[in-house]
Amino acid sequence: MSNQYGFEGRVALVTGGGSGIGAATAERLRAGGADVHVFDLANGDDVRDSAQLNAAVAKLPRLDVLVCAAGVGGESLHAEDVTDEEWQNVHAINLNGVFYANRAAIPKMKENGYGRIVNVASIAGKEGNPMAGAYSSSKAAVIGITKSVGKDVAGSGILVNCIAPAVIRTPMLGGLSDEHLEYMTSRIPLARVGEPSEVAALICWLASEEMSFSTGACFDISGGRATY
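Numbering of the sequence shown is given in my numbering, commencing with residue 1 and proceeding in unit increments.
In case anyone wonders, no lab produced these hints; they're calculated from the structure.
Some clues are possibly wrong.
[As the list claims (entries may be wrong)] DSBU-like mimics (lysine-lysine), calculated; alpha carbons at most 30 Å apart, straight line:
#	residue 1	residue 2
1	Lys59	Lys110
2	Lys108	Lys59
3	Lys108	Lys147
Please work from the sequences and hints to get the whole structure.
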């Protein structure tokens, strides 16, 4: 694995680190020397529960890197077919979970005057995908939270950024209809889905000391789909 960033002595927490983008990021952070802790539903961890996130952060000796990769795609539904439960569940995981994790991490990072937070949004949060109202709006909100929190903590040594991937080869694709997947892939000029390892490379740069003059920003990794 090339272009390793030095994470020796750093402690990282990755939500959704059991699969997909989160797992690839955790692997790359470990390869760079980080002490990586994974917060994942497969281990009984739930980002919808702020108390669980607070407890997970409190147990760490320090916290230098937070990557919020936990998320769900939701069902492929036209707006009139989205139930209250579907709407609330997607936002509870994709939006509330990111905010709760950021909120829990900041005091811990302030203790040492250093931190890197990377939130995983989506190109859907910029453009809005059809049949994905809950997902698109939740990811747009992640971009908004990132911009707000990045400004909130500016000058503290903590930098907060997010990424906006297009469709990536993760287990989340299993819940999408063929129509939904075809729509997303057809809009990518590179004409393929991205790989988790490609996204992890960008996340790890944003999580490194090498990245020192950006906060509250959204970085695209979309195979050319993003237009702004």
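Now the hints, each set against the structure:
Restraint check for Lys59 and Lys110: the C-alpha separation of about 16 Å stays at or below 30 Å, so the hint holds. Among the hinted pairs, Lys108 with Lys59 is consistent with the structure: their alpha-carbon atoms are about 10 Å apart, no more than 30 Å. This hinted pair checks out: Lys108 and Lys147 have alpha carbons roughly 20 Å apart, not beyond 30 Å.
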